[in-house]
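*Asks:* Sequence:
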Amino acid sequence: MEEYPNHWKASLLGEEFWKDAEAYNQPIHDSIEADQNIEADEDTPLHERFPFNLEHEQNTHAPVAGSNDPATERPSRRRFSMSDAFTGAPLATARVVELSRRPRSQSPRPLVCDSSTSSSRSSSLIRSALNRMACFMKEDSEAETELEPEPEPIQLIPADEATPEKLLMEFRGGETWARLTIDRRLLGIDVFWPQDLDEKDKNTSNEEHSDKKAKPDLVMLDLEQMAPLSQFRNLRSLKITGMMQSYQKYIWQTAWLNHNLDELEIGMALPPRIRKSRTGNWPYMKGGWKLDPAHYAEPVYYGDGSGALDPKLGQAEYLDKMVIEKAKVCAMAVGRTRQKLAIRTLILFGFVVDADPFLHWFDVKRLKCINFKDYCVDAGFWLCQPMKKVKVIFPRQVPEKATVARRVDLLSELKVIELKGGKKVSEKKYTGPESLV
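Heads up: the sequence shown at position 104 corresponds to 104 in the UniProt record's numbering, and the numbers run straight through without jumps.
One or more hints might be untrue.
[Unchecked claim] Each pair of labels, with its calculated beta carbon distance range:
id, residue 1, residue 2, range
1, Arg407, Gly174, 38 to 46 Å
2, Ile38, Leu223, 15 to 23 Å
3, Met220, Asp374, 47 to 55 Å
4, Gly280, Lys429, 50 to 58 Å
5, Arg336, Asp292, 31 to 39 Å
6, Pro433, Gly287, 23 to 31 Å
7, Ile157, Glu3, 42 to 50 Å
8, Glu298, Glu224, 33 to 41 Å
9, Gln315, Asp30, 40 to 48 Å
10, Ser128, Glu161, 54 to 62 Å
11, Pro433, Arg179, 56 to 64 Å
No lab work stands behind these hints: they were computed from the structure.
Every residue gets a Cβ at the ideal spot worked out from N, C-alpha and C, and that includes glycine.
Let's have the full structure, built from the sequences with the hints guiding it.
*Replies:* Structural data, given as structure tokens:
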């Protein structure tokens, strides 16, 4: 912040807020780093972690022989009381069945013969009452089971599917989220959602369809359908492609809450459409494009606050520093966050990009690679001096332009040519099959 104060003053909440937020969040950041160090130690073999005190570590919790410490004694089993029989607890039910099935020979014989008759009679009455009560409880449980059918188990998506290598296509959100386990480390979804308009035009007349054919429509997945994405906490790699609108609101919140997110890939379904009269020279990052060697420029902002480019400049997805900032505030309210994003590799497709998001929110110690795939636009992209070793990848080969096609009228333009010895002998207009004879 001290090196680039103007950029932080141009942020949404201002320089003073983020100075206070950084001081507040520093202990949380340190705890995240400490937890990661512990996880790294757990991945190493035990004999390498404790080479000299292995025996002590294994016997730390073993009880000492002859010790009278109540903490080391085995807890005594709770005795069954008659009050448990009327609570409906599973332990009471099991005890009732046990008592009802105990043979009479196991009951103690009294010494006095007169009390033997009354004791036997009372024991029989108690056994009968308990047996009857156990039957009632069993019938009630069976009746409840019959009234409430068990729901069908959810078919979970296997861990080797819905990954960056094997995308879950035409993702609809909704109940599909329940099929993705929350402890996933890899997640890949494609939200491109085509819909055929033939279903909408079923009630139209055949005459209308004779002149016009139904064209496919593109339906965008609702923004709030992406909200459950921020419930994941163990993601290492996240890939979302086929976007028809911006979902950066929840994508960046997810990035803040996943402390080990190494790779993030975001791709649009359509390329940007830029108004050159407003933007000037914004080149595509491909072919002969070169990274600006400058390590500083004045702060800029070309977004509309939602992740999209300002409509005055065109229609495109914009790598929005304001949206990343809002996402950090939301993430800090619900969980722990780092000071900067944990991302090591960022992959973009169809984005308009400038330098400010990287200067503000990406960790210079972690970011290693930025991969601009097809149709990314340079709106003033540069990297600060500490990021000079970050690898920037972009398409080197420029695809050939498609040949412009036109509609051909076969009846007026088709001709029949006669060849002999590889040379053209005659040429006439095609008038039908008879002209080929």
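*Asks:* Please name the hints from earlier in the document that this structure breaks, with their numbers sorted from lowest to highest.
*Replies:* 2, 3, 6
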